[in-house]
Amino acid sequence: MISELPVALVTGSASGIGLAIARRLSREGYAVVVHSRSSVDAGRQIAGELRDAVYFQADLSIEADRRHLVEQALERYGRLDVLVNNAGISRIIAHSDLLAATSDVWRELNEVNLVAPYHLVALAEQALRASARTGHAGCVVNISSHAGVRPKGASIPYAATKAALNHVTRLLALSLAPDIRVNAIAPGLVDTPLTAGWQHAQELWRTRSPMKRAATPDDIADLVAALVNNQYLTGEILVADGGLNLT
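Mapped onto our numbering, the consecutive letters of the sequence shown carry residue numbers 1 to 247.
Please note that a few of the clues may not be correct.
[Unchecked claim] Restraint ranges, calculated between C-beta atoms of paired labels, are given here: (1) G243 x A94: 20 to 28 Å; (2) L171 x G48: 33 to 41 Å; (3) R150 x A226: 20 to 28 Å; (4) L99 x M211: 31 to 39 Å; (5) R208 x A42: 27 to 35 Å; (6) L194 x R76: 24 to 32 Å; (7) E4 x D97: 25 to 33 Å; (8) H200 x A130: 44 to 52 Å; (9) A177 x E49: 33 to 41 Å; (10) S175 x E203: 39 to 47 Å; (11) W106 x S175: 36 to 44 Å.
Derived from the structure by calculation, the hints contain no laboratory data. For each residue, glycine too, the CB sits at the ideal point set by N, CA and C.
Turn these sequences into a full structure, and let the hints steer you where they fit.
This is the structure in structure tokens:
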């Protein structure tokens with residue numbers, strides 16, 4: 001059965017930014033595919049709270065899991081209109097400690113932060129193109145990082161994978177237009193349980209960013225909704241760091 005509602009798959013949506021995005025798109029009238037790698041109970045609970053949602057677990061570092069995730073989404077709803085590649089991983093490694101950024105670290109971050117988003121788009125391409133026949137272009141939103149725009153971030157491998165994701169966003173925007181729009185959001189610090197203990201970063205945003213605060217997950221979800229609803233923008237990297245990049 002094909003869903004009467006448009007359908008959005010949001011990876012990494014059991015907590016933090018992804019959770020806010022899932023809730024926002026649900027309010028916008030989307031059926032939502034909630035995903036996580038390990039927070040199964042939380043994912044199921046969130047899916048139960050939303051208007052029309054389902055939860056699937058997948059380890060996005062595994063190619064077969066990525067394929068199965070898209071297959072499950074299409075089996076459940078029969079369509080896919082929006083893909084939000086929010087899931088990502090990081091490793092905190094001083095930029096000066098080059099040997100600590102091992103080949104294993106590079107491979108792990110590259111697979112999850114770059115290869116997985118690209119592969120999910122490839123797997124979802126035909127469904128997203130079918131969405132365009134309803135009168136609205138299919139939409140991909142990649143959640144990148146301001147570390148992919150400026151030489152910052154938790155580690156050099158993390159920043160490099162996000163910079164590569166930004167470029168892949170632009171390449172896909174060219175390859176898939178006009179049927180599918182592809183954009184990215186590059187947040188700076190976002191207030192989540194994960195970042196609550198990052199005192200230096202919190203102080204940096206309070207004192208140096210023009211907006212004098214970090215973003216909230218809802219701030220990022222608002223941008224995702226704007227990109228989903230807009231029918232013209234593609235290939236854009238929206239830096240959402242409260243203006244810190246200006247200083």
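Hint check:
no.	hint	result
1	G243 x A94: 20 to 28 Å	holds (26 Å)
2	L171 x G48: 33 to 41 Å	holds (38 Å)
3	R150 x A226: 20 to 28 Å	holds (23 Å)
4	L99 x M211: 31 to 39 Å	holds (37 Å)
5	R208 x A42: 27 to 35 Å	holds (34 Å)
6	L194 x R76: 24 to 32 Å	holds (29 Å)
7	E4 x D97: 25 to 33 Å	violated (53 Å)
8	H200 x A130: 44 to 52 Å	holds (47 Å)
9	A177 x E49: 33 to 41 Å	holds (35 Å)
10	S175 x E203: 39 to 47 Å	holds (42 Å)
11	W106 x S175: 36 to 44 Å	violated (26 Å)
When the structure is compared with the earlier hints, violations turn up for hints 7, 11 and for no others.
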